[in-house]
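Line by line, the protein sequences are chains A and B. Count the first sequence with the numbering used here and you get residues 1 to 478, in order. Count the second sequence with the numbering used here and you get residues 1001 to 1446, in order.
There could be a bad hint or two in this list.
[Said to hold, decoys possible] Straight-line distance between alpha carbons at most 25 Å, and here's what the computed SDA-like set of lysine to any residue pairs gives:
#, chain 1, residue 1, chain 2, residue 2
1, A, 41, B, 1097
2, B, 1197, A, 37
3, B, 1264, B, 1364
4, A, 21, A, 144
5, B, 1437, B, 1347
6, A, 279, B, 1097
7, A, 279, A, 343
8, B, 1264, B, 1340
9, A, 131, A, 111
10, A, 474, A, 430
11, A, 95, B, 1143
12, B, 1317, A, 454
13, A, 98, B, 1197
14, B, 1258, A, 430
[Said to hold, decoys possible] Going by beta-carbon spacing under 7 Å, a handful of chain A positions derived as facing chain B:
#, residue
15, 70
16, 96
17, 118
18, 121
19, 127
20, 205
21, 268
22, 352
23, 354
24, 373
25, 474
Everything labelled a hint here was simulated from the structure, so no lab data went into it. Here a beta-carbon is modelled for each residue, glycine too, at the ideal position from N, C-alpha and C.
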Amino acid sequence: MRKEDFDLDLLFYAISETENKGAEYVEARLQTTRDMVCILKNGQQKPIIISESSGLGIRAIVDGGLAFSTSNVLEKETIREMVDTTVKKAKAASKLVKNKIRFSRERKNKKKWKAMEKEKLEEKSFEDIIKALKEFDSIVQEKRNYIPMRFLEMETSIDRKIIATSQGTFVDGYVPRIYVTGFLTGMKDGKTAQKSIEYGGSGGWELIEVLNIREDLKRQTDVIKNIIENAQKTIPGTYDVITGPEVTGIMAHESVGHPFEADRILGREAAQAGESYLKPSDIGIKIGSEEANLSDDPTIPNSYGFYLFDDEGVPARKRKLIVNGVVNELLHNRATARMFKTKSNASARATKFNREPIIRMANTFVEPGDYSFDELVRNVKQGIFINSFMEWNIDDIRRNQRYVGHEAYLIQNGEIKHPLICPVIEVTTERLWSNLDARGNNLEYWAAICGKGDPMQGAPVWAGGPSLRLRNMKVKTR
Amino acid sequence: MNTEIIDKVTNMIYKKASRLMVDDISVVSAYGKESMLRFSNNSITVVDTLDEVAVLLYLAKDRKRVVGTTSSLREEDLDRFVTQLFSSMVYIEESEEYTPLPKGPFKYKSYNSYDISIERLGEELTDYCNNAINAALKEGAVRVSGVLTSDLVAYKIKTSCGVESMDKSSSITINVRAFSETSSSGHGLSCAASLPKFDPGEAGATAGRFAKESKRTGYWEEGMYDLIVGPTVAADLMQMVALSASAFRVDTGTSFLKDCLGKKVASEQLILQDYGTIDGGFDGRAFDDEGVPTKQTNIIENGVLLTYLHNTSTAKKYNTVTTANAGIISPHPWNIVVNEGDMSLGEMISESKKAVYVTNNWYTRYQNYVTGEYSTLPRDATFVIDSGSIKYAITGTRISDNIPRQLLNISGIGKRRKWVKWWEVETPVYTPPILIKNVKITKAQF
């Protein structure tokens, strides 16, 4: 992306005009996102897709009322109209705001930052993407007798944001990303097993190797074959459950990451993504065993949720959400930080120019422990190892959750036995994290698109952790 | 709404594309103006104003096909976009599914899709939020959250096969969630294409009433229940069915309707339609992305699956004709319509011995799209029914079942339909409540 793609005069014009009209805070963001997408449906190429979005978003506070406006018609006259609308609507909102919106005080930052990129995505053509995707497809095709339907999609994306505020912050960020997703549908002799796959990261073409896509796809196809040939019914009962990193990650994301978003705790998402089991006064309460240690870190190199400054211009850092089972820190933007009398920990993100920055997770994970996988399994008499999942959901205060195993095995007397069909964990958050008694020394992350906001914003994230051992879990079956 | 800009952008892109000597061109431009007011804890949290012009360009040459979308409107950006799209064709294979764009011009149906009074709304939007909040409080809620959205969209299409047309639509929706002092909650919504049919007060009152009525909770056991789904939940279920009818999803293993054409897939009572130009619908269009006039399509009639949703390419593969649901790559429904039945909600309740009545849900996820194994979470007011009457509200429920089985187990369809579109239901659905026999309801380990 070239420098001339961004009209900085317009950005500063938007800020000064909005300030002149009475705004106490203004933030303007120019953002351009360019995607290249290839799809293979059962090996057959679908039309390739180029997608580009580019425009300006302005957020302003006037007398405690907050308004956000966007346009992609980047002309002075349109910007002037946009500024008028923003100020007018913020003023109107201020009359109906019971708790005036104010931001935490943060240091002003002037920085240019980039995600690490060895082989530039800008230099890659559709030829490269199609070649890579066909290679992935050929791996799946090796098991065509078991996987008659397959859908694979690969997207390269380049996202550049320039954010300036009336408080003197100017942050210029650049993140290239690769995302591979798909569905593998296994079917044979009346048996079926289906797996959705996702691989994603920030960086250049080197991500193809970094994310181990080929190796994992091969493994996923072997797993489907094994399930179809050998999986047996799950007998409902009480088991010790060992989770693989993919399952650990979704548990961390859903039952800790989301409910630790301070905007949910304050009720701002109540009508859409819901609220939280936490109350504003819950910092310091115990919600899990000593082994429950969970963090969120946007600064992990090559991560799908990578950033160094958030979309309010605050520098990113690791957030330790739960330490030894105790609620330690929430995810804040500047508005919630002010309400909680703390500092922002840089959790505000907007996925496109036409979306408001809201509190988002980045890369949420359980901190690794000391146990090898063999040690975790060794003293389990009657257990289930759930390495991956397909169906999952959680209630809107993030308490009542369900994970249904895809790749899962019976454990008997410390040994992994045959695969199982769809073991179901349906458990509350406090039971889940209280039953955790040991963490593996491995650490893996899985990519996902996390949905939140209205209009909806699908944000790239990683979720992960080590293998976990959860004692005395009730396991059902579908 | 000033449509000059999409006229200009469409013509500009079409002109650039037509210099490339391709076989097919379709340009669809959209100009959207959205105002959104979000509120929580009885107070406005943010006002959004979103103005965007976006263009879709489809090109085909020698059976090679490419699609692009852009909102970078500077002339040099559009030049680069068209050039990049065209030059990418060299890398792709000829498509077996290629079909020339349908020959126009076509005659498009005129329908009531645009209410100019929505365009003129200003301060009134704030008043509507207040109406909803106050109505919920009056019914007994203590905390009210929600979102009000007014949306105006104008479309322009121009294809290399003689199609050139414009369409526009309007909508205004409010989604209200109310909480009592015990945190029991209720949900209400009002979704309309025209202002006279929009009732934010009723949405707020419904949310408040449900919040109050669900304060008294009681014990329940995991097991099989008859399930009464209110229109909001029925909309989510029927959205899943209509999306699964897309031929693209059938081919990619993300549909439970594979190999079901001509077969009984639901109770004989069910008629499920897609309707691009229905009066009162608000995501429809007179033309699809290939320029074909959209229409009323019976997907399921008397329980039998009559057709998948097609564009010209998927129709070719299935040896049929397009249903005017392009999406160049994946056909999709416009407005989903469920037939009126003959039961009132009261009759559904009074005729149930052991049932659960769910008024709202979220987070629907599949274990297997092909078999339709799934679960979804009831949220807000959920009631257990014992011997024909509501006993009390229950919490912590999950519908853990199978959609094809549920469709066959539909035993009653309500008389009164409602338009539903909100955060969880993205395609508008016009549906009454539905009664489904013998559904598995599960709960979590505490």
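**Prompt:** Within a Cα-Cα threshold of 25 Å, do residue 131 of chain A and residue 111 of chain A meet the stated pairing?
**Reply:** At roughly 37 Å apart (the allowed maximum being 25 Å), residue 111 of chain A and residue 131 of chain A break the hint.
* Given hint residue 352 of chain A near chain B, where the shortest CB pair must fall under 7 Å -> 9 Å, violated
- prompt: For the hint on residue 121 of chain A, does the least C-beta distance to chain B fall short of 7 Å?
  reply: 14 Å, violated
| Keeping to a limit of 25 Å between CA atoms, is the pair of residue 1264 of chain B and residue 1364 of chain B held or broken? | Since the Cα atoms of residue 1264 of chain B and residue 1364 of chain B sit roughly 24 Å apart, the hinted pair holds (cutoff 25 Å).
- Query: Taken at face value, is the distance from the CA of residue 1197 of chain B to the CA of residue 98 of chain A at most 25 Å?
  - Reply: 30 Å, violated
> Within a Cα-Cα threshold of 25 Å, do residue 474 of chain A and residue 430 of chain A meet the stated pairing?
Replying inline: 14 Å, holds
Check the hint pairing residue 279 of chain A with residue 343 of chain A against an upper bound of 25 Å on the C-alpha distance.
This hinted pair holds, its Cα atoms lying about 18 Å apart.
Does residue 430 of chain A sit within 25 Å of residue 1258 of chain B, going by the straight-line distance between their CA atoms? 41 Å, violated
Residue 373 of chain A as chain B interface residue, shortest Cβ-Cβ below 7 Å
25 Å, violated
ask   = Is the hinted pair residue 1317 of chain B and residue 454 of chain A satisfied, with a Cα-Cα distance of at most 25 Å?
value = Answer violated: residue 1317 of chain B to residue 454 of chain A is near 37 Å, above 25 Å.
- Item | Restraint check, 7 Å cut-off on beta carbons, for residue 354 of chain A near chain B | 5 Å, holds
Given the hint that residue 1264 of chain B pairs with residue 1340 of chain B, does the C-alpha gap stay at or below 25 Å?
It holds: about 19 Å lies between the C-alpha atoms, which stays within 25 Å.
Violated hints, listed in ascending order, are 2, 4, 6, 9, 12, 13, 14, 17, 18, 20, 22, 24; each of the other numbered hints is respected by the structure.
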